[in-house]
Amino acid sequence: MHPALEIRGLRKSYYQKPVLFGLDLTVAPGQIVGYIGPNGAGKTTTLRILGGLDNRFDGEVRVLGIDVKRDPIAVKRRIGYLPESADLYDVLTPQEFYDLVGSLHGMEEARIRDRAARLEEYLGLSYRRNQRMDSFSKGMRQKVLLTSILLHDPDLIFMDEPLNGLDANSVIRVKDLLRQLADQGKTIFYSSHIMDVVERISDRIILLNDGRIAANGTFAELNALAHSDNLENLFTQLTGGLTGERGSRFSLDSDE
Amino acid sequence: MNSLLLWAVARMAPAWRGLGADPRALRLILATKMKIGDRSLKHMGQTQGKSSDYSILIYCLLFLFGIILIFIYLAVDDKATAVGMIFTFVSVYLGFMLVTEMSDTLFDTRDLMLLYSRPVSDATLSLSRGLYVYLFASKFVLPLTVPLGLALLYLSPLMVPVYALLCVLLTVIIVSMTLGLYLTLLRRLPPDRLRRVLGYLQVALTTLFIVLYQLPNLVNFTDSGDGIFDLRIVGTPWGLLWPGFWLGGVWDSVIHLGARPLSLVQGALGIGAAAVGVRYYVRQGGNYGSQLMGVRIAGSESVEDASETDAAPGFFARYRAWWGQLTTRPGPERGSYLFNTALMTRDFQYKQQVYPGLIIPLIIAVGFAGRRLIKGGDGLEAGAVITALYVFAFLIVSPLLSARLSENFRAAWVWQTNPVEKLNAILYGQLMAAIGVFFVPVGLLVYVCVWIVGGVAVFDDILLSLAVILLAAVIFQYTERSLPFSIEKSDGGFHAIGPMILILFVGSLAGLAHYGLTFIPYGVALGTVGAWVVCLLALRGLRR
Numbered sequence: 001m002h003p004a005l006e007i008r009g010l011r012k013s014y015y016q017k018p019v020l021f022g023l024d025l026t027v028a029p030g031q032i033v034g035y036i037g038p039n040g041a042g043k044t045t046t047l048r049i050l051g052g053l054d055n056r057f058d059g060e061v062r063v064l065g066i067d068v069k070r071d072p073i074a075v076k077r078r079i080g081y082l083p084e085s086a087d088l089y090d091v092l093t094p095q096e097f098y099d100l101v102g103s104l105h106g107m108e109e110a111r112i113r114d115r116a117a118r119l120e121e122y123l124g125l126s127y128r129r130n131q132r133m134d135s136f137s138k139g140m141r142q143k144v145l146l147t148s149i150l151l152h153d154p155d156l157i158f159m160d161e162p163l164n165g166l167d168a169n170s171v172i173r174v175k176d177l178l179r180q181l182a183d184q185g186k187t188i189f190y191s192s193h194i195m196d197v198v199e200r201i202s203d204r205i206i207l208l209n210d211g212r213i214a215a216n217g218t219f220a221e222l223n224a225l226a227h228s229d230n231l232e233n234l235f236t237q238l239t240g241g242l243t244g245e246r247g248s249r250f251s252l253d254s255d256e
Numbered sequence: 257m258n259s260l261l262l263w264a265v266a267r268m269a270p271a272w273r274g275l276g277a278d279p280r281a282l283r284l285i286l287a288t289k290m291k292i293g294d295r296s297l298k299h300m301g302q303t304q305g306k307s308s309d310y311s312i313l314i315y316c317l318l319f320l321f322g323i324i325l326i327f328i329y330l331a332v333d334d335k336a337t338a339v340g341m342i343f344t345f346v347s348v349y350l351g352f353m354l355v356t357e358m359s360d361t362l363f364d365t366r367d368l369m370l371l372y373s374r375p376v377s378d379a380t381l382s383l384s385r386g387l388y389v390y391l392f393a394s395k396f397v398l399p400l401t402v403p404l405g406l407a408l409l410y411l412s413p414l415m416v417p418v419y420a421l422l423c424v425l426l427t428v429i430i431v432s433m434t435l436g437l438y439l440t441l442l443r444r445l446p447p448d449r450l451r452r453v454l455g456y457l458q459v460a461l462t463t464l465f466i467v468l469y470q471l472p473n474l475v476n477f478t479d480s481g482d483g484i485f486d487l488r489i490v491g492t493p494w495g496l497l498w499p500g501f502w503l504g505g506v507w508d509s510v511i512h513l514g515a516r517p518l519s520l521v522q523g524a525l526g527i528g529a530a531a532v533g534v535r536y537y538v539r540q541g542g543n544y545g546s547q548l549m550g551v552r553i554a555g556s557e558s559v560e561d562a563s564e565t566d567a568a569p570g571f572f573a574r575y576r577a578w579w580g581q582l583t584t585r586p587g588p589e590r591g592s593y594l595f596n597t598a599l600m601t602r603d604f605q606y607k608q609q610v611y612p613g614l615i616i617p618l619i620i621a622v623g624f625a626g627r628r629l630i631k632g633g634d635g636l637e638a639g640a641v642i643t644a645l646y647v648f649a650f651l652i653v654s655p656l657l658s659a660r661l662s663e664n665f666r667a668a669w670v671w672q673t674n675p676v677e678k679l680n681a682i683l684y685g686q687l688m689a690a691i692g693v694f695f696v697p698v699g700l701l702v703y704v705c706v707w708i709v710g711g712v713a714v715f716d717d718i719l720l721s722l723a724v725i726l727l728a729a730v731i732f733q734y735t736e737r738s739l740p741f742s743i744e745k746s747d748g749g750f751h752a753i754g755p756m757i758l759i760l761f762v763g764s765l766a767g768l769a770h771y772g773l774t775f776i777p778y779g780v781a782l783g784t785v786g787a788w789v790v791c792l793l794a795l796r797g798l799r800r
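Chains as they are written, first to last, in the working numbering: chain A, 1 to 256; chain B, 257 to 800.
These are calculated hints, taken from the structure and not from any lab test. Take every hint as true, because none was put in to throw you off.
If you only want the chain A side, here are some residues facing chain B, beta carbon under 10 Å, derived:
| hint | residue |
| --- | --- |
| 1 | Pro72 |
| 2 | Phe97 |
| 3 | Val101 |
| 4 | Gly102 |
| 5 | His152 |
Okay, the calculated bits of chain A under chain B, using three or more residues with CB under 8 Å as the criterion:
| hint | region |
| --- | --- |
| 6 | 76–86 |
| 7 | 106–119 |
Here are the simulated DSS-like cross-link-like pairs (lysine-lysine), alpha carbons at most 30 Å apart as the crow flies:
| hint | chain 1 | residue 1 | chain 2 | residue 2 |
| --- | --- | --- | --- | --- |
| 8 | A | Lys17 | A | Lys69 |
| 9 | B | Lys745 | B | Lys678 |
| 10 | B | Lys678 | A | Lys69 |
| 11 | B | Lys291 | B | Lys745 |
| 12 | A | Lys138 | B | Lys607 |
| 13 | B | Lys335 | B | Lys395 |
| 14 | A | Lys138 | B | Lys745 |
| 15 | B | Lys395 | B | Lys291 |
| 16 | A | Lys138 | A | Lys175 |
These numbers come from a predicted model, not from an experiment. We put the beta carbon where it would ideally sit given N, CA and C, even for glycine.
Produce the entire structure from the sequences given, and follow the hints as far as they go.
Right, here's the structure in full:
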């Protein structure tokens with residue numbers, strides 16, 4: 001069986017400024033992988049490359065055994081991709097949006113409707129028939145996005161900050177959903193800044209810092225490595241941040 | 257120019273204080289907004305990245321318009337009427353521009369969280385927006401009015417101060433009228449309805465502007481003899497109709513002391529309108545911030561508050577669904593059709609750009625048909641009919657061109673993250689949407705009118721031109737490969753300049769060839785068959 005993800009020597013630069021410095025990574029199917037790192041570490045760039053949205057990179061990237069540079073369409077057929085803070089054509093109703101996404105995957109209308117209804121019910125998304133998305137809250141939009149990327153039953157799901165804008169109950173729902181999907185053999189590769197969620201639901205955590213993988217393993221393995229009691233401390237240690245007593249004191253005005 | 261305008265605002269600090277605003281905060285907000293405005297100048301719905309070159313071009317064009325206004329001043333004998341006409345032109349342009357361009361600025365709430373969470377009063381907030389719009393409008397009024405000012409400096413220098421005063425008054429009247437209308441709407445309408453009402457208002461005004469622009473040609477106004485030279489409006493009851501003529505009344509009253517009584521009334525109306533307009537705007541400004549916040553949070557309404565109804569689809573919705581099922585296959589074709597149809601009929605920016613333009617073929621066709629029905633007489637020459645038939649290509653190419661652009665172009669990620677296996681299928685769905693939504697309904701009216709004008713003899717001409725127009729649309733889809741509603745609106749259609757030139761070239765050639773065929777026995781009939789065969793083959797190719 002192919003690994004869900006296989007990355008060898010992945011390098012990427014924006015206008016000659018290197019962002020990723022030769023990443024090597026293999027992810028087995030059926031795992032939930034939390035991809036964490038400070039702002040600007042290269043998480044979104046990696047996800048865009050894996051999702052077949054950017055083919056200007058060096059190195060070898062295989063998604064579900066498919067060379068993403070050579071055949072991005074074949075990759076897109078089998079994955080779901082949730083962009084970070086995605087805009088929507090908000091004059092559409094959710095149903096019209098699902099119809100568009102489903103039709104691009106060659107799905108029949110009845111199946112789109114049926115799956116969308118199930119997902120919306122599970123995520124607790126309700127609205128009036130014919131209600132356009134321009135009147136939706138941020139959380140409602142995020143649920144529409146989550147529903148749309150799962151419609152075609154993808155084998156691998158990429159998500160950039162999937163919990164953006166969701167309330168506490170919805171976060172619990174999404175976490176349960178991810179676990180169930182992983183139990184069904186789907187691979188989930190997501191980035192997030194919410195450390196306690198990553199700590200709790202990820203089978204494996206990959207920490208990216210300055211375009212390089214700084215840590216890669218289960219939480220227990222990483223914990224043993226760095227002797228920290230939670231992911232937040234581990235994150236701070238490995239990315240060179242300072243917290244608590246070790247952090248410098250802040251004062252709005254200079255000391256007199 | 258910004259510094260000069262800000263300096264002028266700072267000099268009037270006591271006046272702002274008297275109106276309840278904080279002059280310092282007012283100046284700071286204005287300075288920042290003008291800086292932002294300069295860096296993202298909007299004109300005719302386009303947000304420009306490189307504003308400097310573009311704004312210079314706009315100001316140059318306005319200056320040229322201003323030079324044309326000098327000729328109106330020289331051509332009309334009654335100078336008060338001439339000034340009234342010039343101010344009417346400027347005011348219509350300014351009002352149109354404010355409604356179409358400044359709506360977003362007026363209801364732009366992005367800065368509101370920043371400003372309203374600071375100690376800024378409602379009066380400061382509403383005045384800052386009002387003044388910003390006034391300064392924005394002044395930048396456009398200046399190049400329009402300066403040429404005549406320079407001409408007056410040469411012709412009669414004493415009139416220049418009066419003219420300058422009238423320019424200021426005109427800007428105050430039009431800005432306060434527009435702002436007053438907007439504030440009234442803001443106070444009276446629920447936020448979600450307000451957006452729609454504004455959208456329709458913009459479409460209606462753009463349509464009106466285009467119709468007014470075309471009207472003289474259509475009614476042969478300019479051929480009606482030399483009546484324009486003797487035209488007298490200011491000082492007659494007609495002069496009460498529009499603020500531009502009221503200012504003509506002020507001109508008449510000041511320049512010719514003891515002017516016509518109605519000129520005095522109109523002049524008083526002009527000055528009164530400016531004062532009342534400003535006062536009305538300031539009085540309506542209370543609670544301004546929270547009203548605007550209402551617009552901002554309109555997106556968070558709960559399901560129960562939503563205004564959408566579960567009513568059965570209307571005739572046009574059923575027609576569009578039928579057309580989609582008739583012309584597209586399930587899958588990407590149908591998905592694209594439904595998506596494009598929804599955006600073409602709902603996106604206000606799209607409507608504003610496309611809908612008014614559809615009026616032109618209708619006016620041409622209905623105008624000619626109406627004249628034929630009322631006056632009778634011979635039909636048009638073959639050449640004129642053929643030219644008109646090819647102008648109708650506008651009905652399909654314009655909707656297709658605009659269907660690439662979107663203010664919301666960032667939402668186009670959906671085309672990138674999902675597998676678009678055959679771009680042609682998406683473009684075919686879009687073409688069918690443009691045909692179904694615009695070409696069939698408007699075309700039905702237009703071609704019936706052409707039939708009335710040209711008689712049964714033009715039937716084969718219609719069929720031939722239809723095939724050529726459809727073929728042109730297919731060629732456009734083949735050559736302009738952008739995904740639907742995926743290009744930043746600031747491109748303004750320039751990205752498709754190549755395909756557009758190609759269509760114009762091919763279309764003109766086809767028109768000439770069509771005209772040539774009329775001289776050959778059965779030429780048009782044979783040409784029609786040939787054109788339809790090519791058109792259907794091209795459509796088939798787009799679907800493969």
